[in-house]
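Peer 1: As a plain string of letters, each chain reads:
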Amino acid sequence: MTKRIVIDPVTRIEGHLRIDVEVDGGVVRKAWSSGQMFRGIETILLGRDPRDAWLFTQRFCGVCTTVHAIASVRAVENALKMEVPLNAQYIRNLIVLAHAMHDHIVHFYQLSALDWVDVVSALKADPARASALAEGLSKWPNNSRQQLKAVQEKVRRFVDAGQLGIFTNGYWGHPAMKLPPEVNLLAVSHYLQALEYQRKVNQIVALLGGKTPNIQNLAVGGVANAINLDNEATLNMNKLYMVKDILDETGAFIEQVYFPDVCAIAGMYPDWLGYGAGVTNYLAVPDIPLDTKGGSFDLPGGTIFDGDLATVRQIKTFDDWYFKKNVSESIAHAWYDGEWTKHPFEEETVARYTGFEDSKKYSWVKAPRFQGKVVQVGPLAQVLVGYAVGHEPTKRWTDKALETAGSVAGAGLTPAVLHSTLGRHAARVIRACVLSELARKHWGLLAANIGKGDTAIFNEPVFPKGEQRGFGFHEAPRGALSHWIVIRDGKIANYQAVVPSTWNAGPRDEEGRPGPYEASLVGNPVANAELPLEVLRTVHSFDPCLACAVHTLDPGGREIARVRAL
Amino acid sequence: MLTPGEVRVLGLGNVLMGDDAFGPWVIEELLASWQFPDGVRLLDVGTPGLDLTPYLADADTVLLLDTVKAEAPAGTIRVYSREQLLSRPPEPRLSPHDPGVADALLALDCAGGAPRDVILIGVVPGRVAKGIGLTPAVQEAVVRAASEVVERLEGLGLAPHRQAPAWPAAPWWEGGRDSAAPSRPLTSP
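Here the protein sequences line up with chains B and F, keeping their order.
Take 0 as the starting number for the first sequence in numbering that gives the first Met the number 0 and just add one per residue.
Take 0 as the starting number for the second sequence in numbering that gives the first Met the number 0 and just add one per residue.
Since the hints were made in silico from the structure, they are not lab data.
Worth double-checking, as some hints may not be accurate.
[To be verified] Subject to a maximum C-alpha distance of 25 Å in a straight line, what follows is the list of computed DSS-like cross-link-like pairs (lysine-lysine): (1) 129/F <-> 341/B; (2) 464/B <-> 440/B; (3) 138/B <-> 341/B; (4) 464/B <-> 323/B; (5) 490/B <-> 129/F; (6) 138/B <-> 243/B.
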């Protein structure tokens, strides 16, 4: 019998993601991904000064604040054909890198680890064995028997008191949970430690950005961080060394905790290196510029089609025509007026809500396409492009991840396993390791450049009469983000943000081709339709961030997953 | 940078979504009209979801300003205790926005660093939809909520001092003071 499962969390956020799947014979046969809130927030920018756009765009989303600020200033700079001083590039790079490391750590531990880790099972673990197991995987000092025992006792107190606190919402004892108690205990311990690193990395953004979560130091043309090594109020050596210390500590956590944890989970759930591939066309944009005009980068970008790394084609500059020409959005299945597929410069956003209809319109999210093809974005896309073009740190960390997970699984693993649900988690930690190395590199570049006596931070933007068009992209934690701006006589005439979760969570297009979330869910097993853990695993692996908006605390509460027989 | 042991007043909400700007608005009102002693920090934190945790961690008391769903007319202010905020178990999450205040508090209860006390000062919103500006009922509640914050701070022995408004009451997103990029005034379209 076919059953339909609707996962529709209503918490403090309105404008969330809704996932519908049809399950038959214990397998997902069809899936729909729906954004439940109108995302036409760009219209707020019309008529404004392009120099102010970033202040507003960083309010699109409370989680991805800095990424929308960065993409926005890049779009205006592209429209004006501006260069940005080296110091400004390095400072922006450090903010972007710190934000991404923070985001990846939080995503894995706080948002998705409990899809794989059974907290209650950790009570059965032998802390001494867990500690010995950890020693074989990592030199992290905080895996001692005493520390693990303390964590276990803390969990036991929660369970004995009849409440699991933060862990209440897990699917404990679900048949799809397979980790031994010792691994569960280690993971719970690292979950708690990750909260501390979430706080630490956030301090880098505060030190360089002036404030978190909404940074204050950006400007079209550069940054507003005055550099004076002798002045307490400006960016000085004292602040730079605080940044360096946090980068070192965070790098250790990523390499010695996050990396082995993901490899161990991948090795112990080898089936999930087979489920969840979905769309195997990939798009990543280059980032972490090394020069003033965005012509060379420390992170490669490009496209890969049909899962074949040999098809890689690079995107090489901030003005790359291959990217600029080939992005479009379809509204065939989205609640907007019309049926069109258009380039972002030509789009207009006219909402027309008609209710959820499987074969017609069912989402507020548009369906972006690249060269007319469905593509997947995110860390997996970025890592595969890096691997395909021989990017040294990406290749080194990818090979190490495959080897480590392979030794846990007792099987040789090739990059082909990355096209999967757990492959997306593996790619995210591989990327985090690469970003951590790049953050330390760009810290050195900034310090050396200031040391040479260069304190330039800003080039004044000049707005000519008439119309200019520009686009700015950023390889954000969730993938390729692009902002598209049309400026007329110094004012914003059109603005579109094509966000990563739109690429991945988008609905079917005019040809009925499903988006990446939808395609990746088909074929997933579902052991118990009442507890659709497997569906959450695949959706979470994309790191969805869709709300980009409002919240109202709701003291009432509502049901989350609904199941009905068809 | 956040300091352990301080009292934090956090404005939650999206300034681009009508009455959802209430929390950030109250922060602007407080910063314009009052001077605060050391040990009190006011922050507009937007809609951080899962990223709220660092702003709660290691604080003494946290006063949260937010919109709340309640059966009451728009502009009504409701105050909730920590126990009320935690009265409902956390729910499964799909996105990092889904976890709310309760999740962040429970995470710190478990990991350490939970604030000594948390109080939510909430307003019932009128219109929450894309657009800048508060509805009259919620606009009128801004000063009342600010007074509530001042009274709570007095109760904690951290009374602020009233000052002549340091800038026009309208915040930067309504074309007023440019708090985010002080070198240049913002202009509304």
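Peer 1: Are the hints correct? Go through all of them and say.
Peer 2: Tested hints:
Pair hint residue 129/F plus residue 341/B holds up; C-alpha atoms about 23 Å apart against a cutoff of 25 Å. Using a Cα cut-off of 25 Å, the hinted pair residue 464/B and residue 440/B is violated, with the two alpha carbons roughly 41 Å apart. About 52 Å separates the Cα atoms of residue 138/B and residue 341/B, which puts this hinted pair outside 25 Å; it is violated. Restraint check for residue 464/B and residue 323/B: satisfied, since their Cα atoms lie roughly 23 Å apart, inside the 25 Å limit.
The suggested pairing of residue 490/B with residue 129/F holds, with an alpha-carbon distance near 21 Å, which does not exceed 25 Å. A distance of roughly 21 Å separates the Cα atoms of residue 138/B and residue 243/B; the hinted pair therefore holds under the 25 Å criterion.
Hint compliance for this structure: hints 2, 3 are not met, and every other hint is.
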